[in-house]
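**Student:** In order, the protein sequences belong to chains A and B.
Per my numbering, the first sequence runs over residues 1 to 230.
Per my numbering, the second sequence runs over residues 1 to 279.
I should point out that these hints are in silico values taken from the structure, not numbers from a laboratory.
Be a bit skeptical, because a hint or two may be false.
To be verified - With a Cα cut of at most 16 Å, we get these calculated EDC-like pairs of lysine to aspartate or glutamate: (1) A/Lys-93 to B/Asp-80; (2) A/Lys-65 to B/Glu-30; (3) A/Lys-89 to B/Glu-76; (4) B/Lys-163 to B/Glu-173; (5) B/Lys-65 to B/Glu-76; (6) B/Lys-92 to B/Glu-76; (7) B/Lys-178 to B/Glu-203; (8) B/Lys-65 to A/Glu-101; (9) A/Lys-181 to A/Glu-165; (10) A/Lys-65 to A/Glu-55; (11) A/Lys-93 to B/Glu-76; (12) B/Lys-65 to A/Glu-126.
Here the structure is a predicted model, which is why all the values come from computation and not from measurement.
Chain by chain, the residues run as shown.
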Amino acid sequence: MKAIFITLLLALSLPLGLVAADEAHAASSVEGKLHGVAEQLHADLAHAGESIHEEEDKLTMITEKFGVSLPTLIAQMVNFVLVAFVLYKFAVKPIAATLDERQQKIADGLQYAEEMKTQLAEAERERAEKVKQAAIDAQAILTEAREQSKEMIESKTQEAAAQAEAMIRKASEATELERQKMLSDVRQEVARLVVATSSKVLSRDLSDARSKLSPIPQPKNWLMLAKPHF
Amino acid sequence: MNKLLPTVFLLSGTASVLNAADGVSPSPYELTELFGLPLTNTIVTTWVISILLIVGVRLSVGTPKLIPGKGQAVIESLIDGLRGLLEPIVGKKAFPMAFPLLIGLFLFILIHNWSGLIPGVGVFGHVEHGHLTYWMRPANSDLNATLGMALIAMLAWLVISLKIAGPKFFIWELFGNKADKKETPKPVYLMLIPIFMMVGLIEVVSIAFRPVSLSFRLFGNVFGGENLLTSMTGMAPYIVPIPFYFYEVLVGVVQALIFTLLVAIYIGLMTNHDEEHAH
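Generate the whole structure from the sequences, applying the supplied hints.
**Tutor:** Written out as structure tokens, the structure is:
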């Protein structure tokens with residue numbers, strides 16, 4: 001211990017001695033330069049030697065006063081190293097590892113959250129695009145439906161008109177047929193009546209005419225004469 | 001219990017008065033010898049407080065969990081705070097090597113600084129030749145302890161610096177010409193070489209004295225604190241010393257931090273250069 005301190009003091013006094021030597025060197029004249037420096041150095045060395053002895057005494061006094069001794073010093077060094085080692089090995093290191101692990105987990109979590117945020121934004125963007133596309137599609141479908149419905153209405157209207165016309169035509173035809181039939185029935189009825197009337201007239205006339213022997217007229221001509229005028 | 005309390009008060013009062021009269025001894029007392037080696041009161045305190053520290057930390061930490069308990073949270077915040085404080089100083093390269101030393105220094109110094117505040121430390125003892133030889137003395141009020149830590153710190157500084165920075169950079173950092181060769185004229189550059197060599201020598205002396213400054217600073221503060229508390233307790237044993245106890249709590253933290261930060265800065269001065277240049 002003393003040796004260390006003496007070495008330290010020597011090392012400290014060396015640059016001071018050199019500085020003093022430099023100052024002496026600057027002060028001396030050119031002729032007596034070498035001689036002066038040698039004398040100065042000699043004096044400085046002697047002074048330094050005395051100083052070292054004084055410092056050594058002071059150092060001994062300090063170490064004795066503060067109770068510095070090599071065995072105690074080594075014991076305290078060993079104590080510190082042991083405590084530092086045990087603390088680091090069994091407390092600091094596991095906690096530092098836990099801290100790092102937690103830090104890693106937080107970093108991972110934040111990164112995951114960031115990724116999720118990006119994915120959410122992406123999904124939101126996709127959804128917006130899809131909604132937009134759906135709106136466009138819906139608009140197109142609506143337009144198409146409107147056009148189709150318009151066409152359908154037109155076609156149905158036309159169809160209905162055609163059907164109505166057909167129905168009217170059929171109705172006219174049926175009416176015509178009915179009329180024809182009715183006319184036919186009327187003719188038949190008239191003919192029957194004519195025949196009946198004629199037969200009655202004729203039967204009465206015959207009884208009258210037999211006596212007169214006059215010829216009976218042809219029914220065909222009667223019918224033609226009896227054609228009604230509507 | 002009724003008899004014990006007055007006995008404790010009487011003993012502590014007597015001890016305080018005796019201590020105050022003598023003042024705190026600058027050197028530790030040798031209590032006995034163990035295997036031929038001296039067993040001083042500071043070594044006893046170091047052992048007891050260190051064991052308490054280790055057991056306390058282990059109990060509070062237990063098995064570290066991701067969701068910490070109260071004890072773990074305290075130690076975690078301490079470790080995390082020191083890590084955040086020391087890593088930028090030491091540099092990322094040297095930090096894994098330096099951190100065990102630095103946190104060991106901080107915890108050890110802090111707890112042993114505070115150990116002087118524990119009732120009984122520096123109080124209980126036996127009267128020998130008219131003065132009290134107390135059995136427990138805070139570790140850092142013994143120059144052996146502070147010098148021992150400082151020497152270990154400087155040894156670690158040397159090892160870490162040589163390992164991280166390399167011997168070439170280590171020598172260049174101390175004695176090398178720091179002038180820019182491209183921008184400095186050659187004669188000036190050559191003239192600067194001996195100047196930087198001299199600066200290097202002064203730097204070596206400064207480095208050699210670092211353990212002395214580190215150890216005496218810590219020792220002086222803790223020893224001074226012990227004297228202050230002893231004097232105040234001697235003058236007025238109750239209530240009056242309380243503010244000084246709080247003051248010593250603060251001094252304990254500050255001195256532990258200063259010691260640790262200075263060692264970190266010494267390491268960082270050698271190892272943190274590349275990263276600075278990289279920035």
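**Student:** Hints first: check each against the structure and report whether it holds.
**Tutor:** Consistency of the hints with the structure:
1. A/Lys-93 to B/Asp-80: 12 Å, holds
2. A/Lys-65 to B/Glu-30: 14 Å, holds
3. A/Lys-89 to B/Glu-76: Given that 16 Å is the threshold and the Cα spacing comes to 15 Å, the pair holds.
4. B/Lys-163 to B/Glu-173: 14 Å, holds
5. B/Lys-65 to B/Glu-76: Holds: B/Lys-65 and B/Glu-76 sit about 11 Å apart, inside 16 Å.
6. B/Lys-92 to B/Glu-76: Since the Cα atoms of B/Lys-92 and B/Glu-76 sit roughly 20 Å apart, the hinted pair is violated (cutoff 16 Å).
7. B/Lys-178 to B/Glu-203: 14 Å, holds
8. B/Lys-65 to A/Glu-101: Distance ~10 Å between B/Lys-65 and A/Glu-101 Cα, so the pair holds.
9. A/Lys-181 to A/Glu-165: 23 Å, violated
10. A/Lys-65 to A/Glu-55: 15 Å, holds
11. A/Lys-93 to B/Glu-76: Holds, at about 11 Å.
12. B/Lys-65 to A/Glu-126: Cα-Cα ~42 Å, so violated.
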